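Engineer: So the sequence lines, in the order shown, correspond to chains A and B. The first sequence: position 125 = 124 (numbering that gives the first Met the number 0), numbered continuously. The second sequence: position 23 = 22 (numbering that gives the first Met the number 0), numbered continuously.
FYI, nobody ran anything at the bench for these hints, they're computed from the structure.
DSS-like cross-link-like pairs, simulated, lysine-lysine; straight-line CA separation at most 25 Å:
(1) B/K114 with A/K85
(2) B/K128 with B/K60
(3) A/K49 with B/K93
(4) B/K128 with B/K70
(5) A/K110 with B/K114
(6) B/K93 with A/K45
(7) B/K60 with B/K73
(8) B/K136 with A/K49
(9) A/K110 with B/K189
(10) B/K93 with A/K68
(11) B/K93 with A/K46
(12) B/K136 with A/K45
(13) A/K46 with B/K136
(14) B/K93 with A/K85
Here the structure is a predicted model, which means the values were calculated and not measured.
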Amino acid sequence: MSTRTRLVIGGVLVAFLAMTGAARADTISFADAVSTLATDCGTDIKKFCKGLNLGNGRIQNCLEEHAGKVSPTCTATLSSVSASIKQRLAAQSSFTAICRHDVAQFCSGVKGEGNVLSCLNKAKRVKEGQCGQAITDAGWR
Amino acid sequence: MKRSFRLGTMFAAGLLLAPGHSFSQELSSPQVVRTLDRLEGAAPAIDIALLMEEAAASAGKGVAALPDWQKLSKLSQLIVEIDFENDSIAIEPKSYRTVGMIADALHHPNLRRYKFLVVGHTSSTGDAKHNLNLSQKRANAITEALSTTFAVAPDRLFAIGVGEEWPVDPANPQAADNRRVQLVNLGLVK
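If we strip away everything but chain B, and leave its shape as in the complex, we get (with noise of 0.2 Å):
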């Protein structure tokens, strides 16, 4: 994996058509807060530690089809770019500004009350495994980011990293549009 998770701008049609998926160029604080809001009545519940094991397991096979996977898909969520140094932890300084977004708008009355799932996805460059084990400390270190930054209740957020395991673009799993990070809803804190 190369320097980013990306958002690129082909595979957004397809991923459009999941409940309250946001498209996140020129994205705004409020624009967030109303495509995270919008949570559907019967929201799977999500198993993390469950889905961990089965990205592991897969390393270099793909999640997509997988059924615990699948349940992702029909939760309020948005894509976002977030740049690191090359194959390190560290958040590029031009990102600082799409990691403050989120926390203006996880800190939102609307969404202060959900838990939320950091999702790290990288390309196809690279070995399977490291882009597994990359993705999640990427998507730990945007958490960390957002509850010692800026303050958001560590109990409200989650991340996992799937590696290159679900490509948006799976015709061109090197393509830079499958560096993404997807920020997903999980539903009220209990």
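For reference, chain A alone in the conformation it holds in the complex (with noise of 0.2 Å):
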């Protein structure tokens, strides 16, 4: 085997244990999340970024234009953070999907949203689940 070939399928190999490990690992609360942004970049955002918002991707854009003068923790914390928002919001988006089983079985009758999950949440063998991970992941536990 080629040093080439080696390299590729051990970028490979990186590549898919960094998916399935972000797929494995616990989301994080919006919360958390801008706070590593504020923490790591509320430094940069000030001196770069005045007068510019959070909404609309300003603030990353901004960061962006200034990737050469923004100090290295903050551009590696910007896609992180992203990264971090994009996985809970995803979480979130498939509860439905991922626990339509488990509300039939346990749950069935319940009526509201907030109810199903506070089920959902008391029945033991969803926990263990599939269901009770996209719980997890949502960060309504």
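Mind docking these for me? Both chains are given alone in their own frames, and the hints should help you get the complex.
Structural biologist: Structure follows, in structure tokens:
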């Protein structure tokens, strides 16, 4: 096997591990995600993005535009923050589909999404399954 | 108006009497969900356009005595502090967490079917009309961050600025306590 092939395989393996790792890793709250942004990028935001607001990707765009001057910690944090937010959103939107079976089995007849969630959270067998993991990932435990 | 909508301690006693009202220092997302989830059966309908009109017509005179504004007090709500750059719509990084926490709460299944009104308040420092405009823009900035950065459906969010017209500490209209953000549950999304 050539070094190059090995490198490629190694790269694929790393990428695969990173992906499965990401899928299994706990998601974090929106509050925690942007707290990291504030901690690691607060100084850069105040220096380079004065007057700009969090909404509509303005802070992210601004920090990317000043990539050369922004601290390396902030640059690293920036991509992980948007990834965290996306992960949490994805986990929340997959809840209904993933938990459909458990809802039918343990909480049929329960009305209202909030009530269904607290019903699922009380069922021990839900907690150990896929649906339980989905609830944890959504941050609704 | 100086730098922030700020949460103070002096007003808490009075406003805690409102249904489902919470005091937000050291607030956690589950607490936010619990506070905002208590919707009274006979929650009054709120006409936001009318509130805006009345606030504009009342610049410098106050809205606390107006029945339409008083209706807001009857709804589940909480008060948070969100700091802004001086005379700007840019939320200070130290307040990102609060906005994120609101987003966490609004995405929770207990609250996902409700719409919310963000009300921006200032102290009486500075010109009343300027305060009114700035507080509207800042309230808009908060709902924009919620609906873009945190993907809360825009049809669930409404923003209104009331400037210095509804101080929580009427005896000291210049007090920093009066700068604050009110998050009000407006009821089911239709």
